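Colleague: Chain by chain, the residues run as shown.
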Amino acid sequence: DAKTTQPTSMDCAEGRAANLPCNHSTISGNEYVYWYRQIHSQGPQYIIHGLKNNETNEMASLIITEDRKSSTLILPHATLRDTAVYYCIVRDSNYQLIWGAGTKLIIKP
Amino acid sequence: SAVISQKPSRDICQRGTSLTIQCQVDSQVTMMFWYRQQPGQSLTLIATANQGSEATYESGFVIDKFPISRPNLTFSTLTVSNLSPEDSSIYLCSGGQGAGNTIYFGEGSWLTVV
Chain A
1 DAKTTQPTSM
11 DCAEGRAANL
21 PCNHSTISGN
31 EYVYWYRQIH
41 SQGPQYIIHG
51 LKNNETNEMA
61 SLIITEDRKS
71 STLILPHATL
81 RDTAVYYCIV
91 RDSNYQLIWG
101 AGTKLIIKP
Chain B
1001 SAVISQKPSR
1011 DICQRGTSLT
1021 IQCQVDSQVT
1031 MMFWYRQQPG
1041 QSLTLIATAN
1051 QGSEATYESG
1061 FVIDKFPISR
1071 PNLTFSTLTV
1081 SNLSPEDSSI
1091 YLCSGGQGAG
1101 NTIYFGEGSW
1111 LTVV
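Chains as they are written, first to last, in our numbering: chain A, 1 to 109; chain B, 1001 to 1114.
Only chain A is shown next, with the shape it has when bound in the complex:
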């Protein structure tokens, strides 16, 4: 079973920061948090991942709480093309990605 819980859906205005929360209260010390997104009819696109430190790349920032029980993905300046389903995943000890239901993010003009 998935080790993460996310809101089913969220809206965000174009140009604003989109903050997507994720709870992973049962995460183990050596398990990473990964974020992917899936735009309709396409394969999942990797966004970012982290263990305990905050991470940033050209797409997004990942903020992980000190107790590692939750995290937030931040898209700094959302565009209409960021409308997608966003998945927060804990990679387990078998190195597998077990997917939950994700958050449907809708960017509104």
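Keep in mind that the hints were calculated from the coordinates and are not lab data. Mixed in with the good hints there might be a few duds.
Claimed, not checked - Output of the computed footprint for chain B on chain A, the stretches with three or more beta carbons under 8 Å from beta carbons of chain B: (1) 36 to 47; (2) 91 to 99.
Claimed, not checked - Footprint (simulated), chain A over chain B, 3 or more residues, beta carbon under 8 Å: (3) 1043 to 1052; (4) 1098 to 1107.
Stated by the list, open to error - Listing some non-contacts, in silico: residues in chain A with all C-beta distances to chain B over 12 Å: (5) Met10; (6) Ala13; (7) Glu14; (8) Pro21; (9) Asn30; (10) Glu31; (11) Leu51; (12) Thr56; (13) Glu66; (14) Ile74; (15) Leu80; (16) Asp82; (17) Thr83; (18) Ile106.
These figures come from a predicted structure and were not determined experimentally. No residue lacks a Cβ here, since even glycine has one placed at the ideal position from N, Cα and C.
Add chain B to chain A, keeping to what the hints say.
Modeller: Coordinates of chain B only, in the frame set by chain A:
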């Protein structure tokens, strides 16, 4: 990064037949996985493709129905056997390295069984 190519991208098959999906990675990867995504649903892991040995299947998936090959570190195939309409799904291949590394996905193979 790794680029993962899947073939076919889309197919329509008759029930009772089989379809083999190919997955090619442009670099050697330690791990390869096969997923199924049914319409409107999230991804479900079918199996881990192990190089040179039998795949490791998740609960609810069996080798007779979903035989998998992985002859080397860049290539794998998934066969969906004895097709029924319930097998109509997107099948996704992914690959990458161990803990802390990125896992990349192909664009998926859309299967419709008629």
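Colleague: For each hint, tell me whether it holds in the structure or not.
Modeller: Here is how each hint holds up against the structure:
As drawn, the region 36 to 47 of chain A meets chain B at 6 residues by the rule of a beta-carbon pair under 8 Å; at three or more, the given contact holds. Chain B is given as covering the region 91 to 99 of chain A, and this holds because 7 residues of the stretch bring a CB closer than 8 Å to a CB of that chain, at least three being needed. Coverage of the region 1043 to 1052 of chain B by chain A holds [criterion: at least 3 residues with CB-CB distance below 8 Å; count 4]. With a threshold of 8 Å between beta carbons, the proposed coverage of the region 1098 to 1107 of chain B by chain A holds, since 9 of its residues qualify and at least three are required.
Every CB of chain B is more than 12 Å from the CB of Met10 of chain A (nearest about 17 Å), matching its label as outside the interface. With a least CB separation of 26 Å from chain B, Ala13 of chain A remains clear of the 12 Å interface cut-off, as annotated. For Glu14 of chain A, the non-interface assignment is confirmed: its Cβ lies about 26 Å from the closest Cβ of chain B, beyond the 12 Å cut-off. For Pro21 of chain A, the shortest C-beta to C-beta distance to chain B comes to about 18 Å, beyond the 12 Å cut-off, and the non-interface label holds.
Listed as a non-interface residue, Asn30 of chain A fails to keep its Cβ farther than 12 Å from every Cβ of chain B; the least gap is roughly 7 Å. For Glu31 of chain A, the condition that its CB be more than 12 Å from all CB atoms of chain B is violated, with the nearest at approximately 8 Å. Not every beta carbon of chain B lies more than 12 Å from that of Leu51 of chain A, the smallest distance being close to 7 Å; the non-interface claim is violated. Under the 12 Å C-beta cut-off, the non-interface status given to Thr56 of chain A relative to chain B holds; the minimum distance is some 15 Å.
Distance check on Glu66 of chain A: its Cβ is at least 19 Å (rounded) from any Cβ of chain B, clearing the 12 Å threshold; non-interface status holds. Every CB of chain B lies more than 12 Å from the CB of Ile74 of chain A, the least distance being 19 Å, so the non-interface label holds. Interface exclusion of Leu80 of chain A from chain B stands, the closest Cβ pair being 21 Å apart, more than 12 Å. The claim that Asp82 of chain A is not at the interface with chain B holds, since no C-beta of that chain comes within 12 Å of its own (minimum 18 Å).
Listed as outside the interface, Thr83 of chain A is consistent with that label: its C-beta sits roughly 16 Å from the nearest C-beta of chain B, beyond the 12 Å cut-off. For Ile106 of chain A, the non-interface assignment is confirmed: its Cβ lies about 16 Å from the closest Cβ of chain B, beyond the 12 Å cut-off.
This entry does not satisfy hints 9, 10 and 11, going by the numbered hints stated previously.
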